[in-house]
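*Asks:* Chain residues, written in single-letter form:
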Amino acid sequence: MLIPILRNLARQPARSALTILGIAIGVLALVVVGALSTQLSRIVSRSQQVQDAVLAFVQQSAAARLQNHRKQIQSQLLRIDGVRAVIPEVVVPYDYGPGERDRFGPPRLIFGLPSAAMQNIRAVLVIGSGTDRIGNQERAVVVGSDFAHSQSLAIGDVVSLYGSSYRIAGVYQQSFTIFDSAAIIRLADAQRILLQAVPLSMAAHFKPGDLATNFALLLRPNADGSLVAGRVNLIEGLRARDPKSVSAGLAATTRVFDSIVYGAALIALVIGSLSIVNTMTTAVRERTREIGIRKAIGASDEAILAEFIVESACVGAIGGLIGIAAGLALCALLNAHAQAQGSLQLFDLTPGLAVGAFVFSVVLGAVSGLAPAWTAARLNPTVALRRL
Amino acid sequence: MMSAVEDAAPPIIAARDLVKLHAAGTPLEVRAIDHVSFDLPRGAFAAIVGQSGSGKTTLLTLLGALDAPTAGELRINGELVQRKSRRALAAFRGRSVGFVFQGFDLIPSLTALENVALPAQYAGVAAGEARSRAAGLLDEVGLANRSEHLPGQLSGGEQQRVAIARSLVNNPLIVLADEPTGELDSRNADQIMKLLHRFNAERGVTVVIVTHNAEHAARCDFVITLADGRVVSTT
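Those sequence lines, one after another, are chains A and B.
So the number in the working numbering is just where the residue sits in the first sequence, counting from 1, plus 52.
So the number in the working numbering is just where the residue sits in the second sequence, counting from 1, plus 299.
For reference, chain B alone in the conformation it holds in the complex:
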């Protein structure tokens, strides 16, 4: 476990004995996460690795407050996440967490600019300010000239760059990326990883990626390896 115990600053993510059961109490019960504990310091770039079904994505959904752990304690920036109401969790996700998905998952009826601005609008940012932020981020990911394009008019690499811009529009504490290069060729995959590393370095945002790519994992500050829902190694 990488620990921030010796660091003066409190960890941005503090997971203690996290357990997640699917279909709990039924014959189909699955222990997806089994007593997982770790700390991540602010500004870290971490990878969660492991074989398919090891619990990587489930752990990511817990870290992103999309799901609540069955047991254990999760603190993000010192806030106890699992005790929040549905509304508070939605606000927390919008304000503190940015998501990047494997399949890009942009809203197909919105342009690139509208997609990037959407989390800001959900967070209550005025429309003009949201669009201004979105335009700036699209410029940063090199897509200023594609801002009025719909997702269907963009390549996979471009869509993922839009998704990264979207994840950053509310200046979150953490960006969680679930296999962000899984559907890209190696050239685009490298571009995406470089972007994530750049934003991690420039903005100090903590980045946690789930990846199968050993090369990408090797470039991370921390690597958490899962097997059958347990942490088997941390480096």
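Pulled out of the complex, with its shape left as it was, chain A reads as follows:
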């Protein structure tokens, strides 16, 4: 059955090619945005796990940082009901050198973490090579997989952070979190980097060990994160994000994003399907006499209906396969580009998504062919046979 259908499509090669191209473009859009959505959902979910593991949801304002009250703040936070431990952190941007701003994806960051935080982070980050135990190693750095790949870094190599050389002690496996493009160093090293940002006239008043940009709170069992966040926010200069509202916000944002991108892709597919309707309507008109012949030799209305629907579904299937293949190629290209830049890979075209897109394109093709096929099936054979 397939070969005669391909022969029919080959009778009008330009028209068939354009119709198939229309579907292929629609499917391409669908699988690429689907791959983006899948990966973003994964990133959000993994990032949520990281947040749950580290609880880094208290940020100090810039003004508060300059007040050098880290120890007082830490003891204030410890007094909050439900807080088990407070871990200071320093987070600074990696590099704003030439080309950094044009880079695709989230900003690359340097995390200065104490050993306690490093332990917590092991729940979601798995070391790929070397070690992440750098508590006693000055100027040692553990980097994410994309960070390492973008600069072809291996264990023992040296990378420059804010003018100082750091030795690569470990490389994490890909985690699909912000840590894939990050560098993690000891808190003390990061505090020294942070001190460089303080005006020279004031620097003498600071001890590096007193600096922090964030605080990770470890909560007691059964403590309510939302309540803790509310209490933190009563302290001047601190901003804590309610973990529940962060999760809800992320989920809502993901839903809105999905609605927009899937909506756009579906519009592209619907436009593609209209080209199938047009092609099949023209095919029925051109093949009216053939339909009459088929009826004369015994084809029932249902047989004619099925033949045209199958032909239409085949157009959808061919367009779908081409679109999925193009989508795979495009996702691979964009991921390779992102990886070369040290960014997160943002496209994950899963087998499920590819199969779903293929099935959808076949069904869409079949549905698009319904009306023309129905017209063909209902043709009066004598009227059809009069058509030359």
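These are computed hints drawn from the structure, not numbers from a lab.
Covered stretches of chain A (chain B as the covering partner; in silico rule of three or more C-beta atoms under 8 angstroms from a C-beta of chain B): (1) 53-62; (2) 351-359; (3) 426-437.
Glycine included, each C-beta is placed from N, C-alpha and C at the ideal position.
Put chain B on the given structure of chain A with help from the hints.
*Replies:* Frame of chain A; chain B shown alone:
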């Protein structure tokens, strides 16, 4: 009218007062068939002749159950044709009638073998059996070596031989041929007529042809002459 009244066997085709109006009830109404009655015995080879517009092809479409008469009664092998549903008519055409058209009218996207097998597939015959029957018939019409060719790769005479093979694949009661030699040269036309006569004689299938060719009509058992939709003579 050739009648089978005196024959013991019932007629394969029994037409009684057939009327076919086109655009009935409008100012453009045309009486294409006007009270036509005749019987044809099983195994007959008949020709319908007449001038252009006399109603020959319209009569053939009624006999082939492609169209329903406006009035009158048509029985094929004793079955009242015009009371059948669309689905039953399709099945009836596939099972009982074989068509051969002037312009060959093979399906261009199918090979010769696939074209011949198609009516059998529509009739629900298993694909293997349909192809086997088709191959046998192509052999009988001398085209075994052209079975995988598409219609566009065959000559007119070859295409018409494929069409004859296609008309016979379901072992029908009747083969209806609308000017089957109209687009062929005399040599190919003779071949086609010989084939139809051969299958009529060997298989006992009733053949009704519409023709303008007096020589071909003269070789038929029965000749129905139409003028303005009426039977003016039967021999």
